[in-house]
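These protein sequences, in sequence, are chains A and W.
Counting from 1 along the first sequence, just add 160 to a position and that's the residue number in the working numbering.
Counting from 1 along the second sequence, just add 231 to a position and that's the residue number in the working numbering.
For the record, the hints were derived by calculation from the structure and aren't laboratory data.
Small disclaimer: the values here were computed from a predicted structure and weren't measured.
You may find that some hints are simply not true.
To be verified - DSS-like mimics (lysine-lysine), calculated; alpha carbons at most 27 Å apart, straight line: (1) Lys343(A) to Lys364(A); (2) Lys333(A) to Lys343(A); (3) Lys312(A) to Lys412(W); (4) Lys377(A) to Lys348(W); (5) Lys268(A) to Lys348(W).
Claimed, not checked - Sample of chain W residues at the chain A side, in silico, Cβ under 8 Å: (6) Met232; (7) Ala358; (8) Ala378; (9) Ser405.
Ideal Cβ placement from N, Cα and C applies to all residues, glycine included.
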Amino acid sequence: MISLCGMGWINKEEYICALKGETVSFKESSSFDGLSRRGIFSCPFKNFGRLDEVSKLVCYAVALALKDAGESYAGDLKKDMGLVGTNADGPLQSDIDYFRDYIESGRKLSRGNLFLYTLPSSPFGEAAIHFGLQGPVFYMSSGQALLPGVLKTASEMLMLGETRSVLAGMNTKDEALYMVLAKDPAAQQQVLCDIPEALTVVEKGGSLREMAEEFSKTKKGKGIK
Amino acid sequence: MRAVAVSSEMVTPYGRGTAACWDNIFDGRTAISPVNRFDTGAFQSGYAGTVKGLKYHQGDSLVMQMLSLLFDNPGVIPVDAGLIVATTKGEIDLLEEEVLSGRKGMPGNGQAAFLEKVRLLAGVSSAGTIISAACSSAAVAIARAAAMIRSGRSECVLVVACDSVTEFVFSGFSSLMALEKFAAMPFDKNRSGLSLGEAAAFVLLMSEYRARKENREVLGEILGWGVADDANHMTGPSRLSEGLILAIGKALSSAGVSESDVGFISAHGTGTVYNDSMEIRAFNAVFRDKRPVYSIKGGIGHTMAAAGLVELIIVMKALREGKVPPTVNLREPDSDAVGWVSRFSRPLQGNTVALMTNAGFGGINSALMLA
């Protein structure tokens, strides 16, 4: 059985870890930049400031999901865990930033550090490095964000034994939600819900925040302390 | 459920059709030539593999022009086929035009619009999904399609892959100092970078049951797959090749075969110093004995998201024809590649399976086992 073992959600004002029942507010922040120093990462994130906005959002939400699932991590502690994510626009803003910068240089100077983030999968590559993820890593989208599709794909990967566990999620411009899925988790491992229940939540639609709150209620409904 | 390929087609810098690509590879010809689409004076190289006759910034995107050449055989693609499109930059030339024109409004939801264009062109009813995994995009897309069939979620999936040579992409790879000055020389001791290329291709995968029911000719089978990340560096492959070794191990296990069953390897073989060494190191780690390895990127360049799908079609033809393609543009193998690669074609010995490997930025490694 595929189970949801943890879920992290974040926007510019607060974050939620559903299984731990944590909701933390940081309303004084106007951007995500300072959050890297607020204990969201359990170990220092080298060069975090150089990541593009999507990569930062994804890495925050992944860190929260791993924390919620009780999964420790470090760059040199590699694990068989995959990462599949989605969003509506891909790297559109990074594309614009890169090409405008190149044009403004008179088409003479292109910046590799900007070009790298024009790949839709780059945020997941960054997360893989920091969190030591050696499972399958890729981006998928139907053009409209496709969280149910991501969940089904992640579930299929686990059913077919492609990896031990998977982080699956989505970001918008302002928020991100990532879940840890595993097949047949250990008896003592707390779980939020199974895949059919998780699909019911995400297929309802609504904002990622609303989904996160739904997942938090799911945990309360099970009497998980 | 076994996943089999029943139809495929490609357009590459060699021209339209699998035969054009196959024949030119075996003739040892490269299609990498001077770029005349945009000014390359500021870049590391002025060479790439481009498709003749495409119009740049004159209406349809380059990828749509290429894809339009592929779907002209009605009845081949069932309407109910699932759709997966592998690409890294899609219709990026449309965004180039917006930025160059100084227009304030950027094309929103470009992915959705592109997917819809491909859906209509292919004549399928499914909305479709884009998969992007850097230069492993096609291999990951093929693996996902095969997984959908193996799990019973679908009985027919069309995989389309495409990327084009644009100023956006060319300038980007040049900024990363990744380009060979002239034409790439995979596994050569004097290699120093990759050549970009463009291509579009499709493969129609079906369950064996449906293929038999529809009396489809089977071109090959996706036996197994493995995808693994290096979790090491965004652009440089792991010096220990750990991601690719893991991916190959997963693919062997997924296919239920052992390393001794692998008759030859279609390598990613970009022509960069680090990628090619990384692959040979992985092959040495996995395989007890050397076996034929080749790359086609000296012929058509690195076609990015399309690479894995063009390479899959060539692997399946190699299995049917019983011969391993040569490595185009290879003159003298690097010392670690001796005994693996060759400038010449080699015959296949007996029934065999093939391994196809790809690797991309973000440390994404893929391995497909094919029969």
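These are the hints, each one checked on the structure:
1. Lys343(A) to Lys364(A): holds, 24 Å
2. Lys333(A) to Lys343(A): It is violated: about 31 Å lies between the C-alpha atoms, which goes past 27 Å.
3. Lys312(A) to Lys412(W): Outside the cut-off at roughly 44 Å; violated.
4. Lys377(A) to Lys348(W): Answer violated: Lys377(A) to Lys348(W) is near 41 Å, above 27 Å.
5. Lys268(A) to Lys348(W): violated, 34 Å
6. Met232: violated, 11 Å
7. Ala358: Interface hint status for Ala358(W): holds (6 Å vs cutoff 8 Å).
8. Ala378: Holds - the Cβ of Ala378(W) comes within 8 Å of chain A, reaching about 6 Å at its closest.
9. Ser405: Given a least distance of 6 Å, the restraint on Ser405(W) holds.
In this structure, the earlier hints numbered 2, 3, 4, 5, 6 are contradicted, and the remaining ones agree with it.
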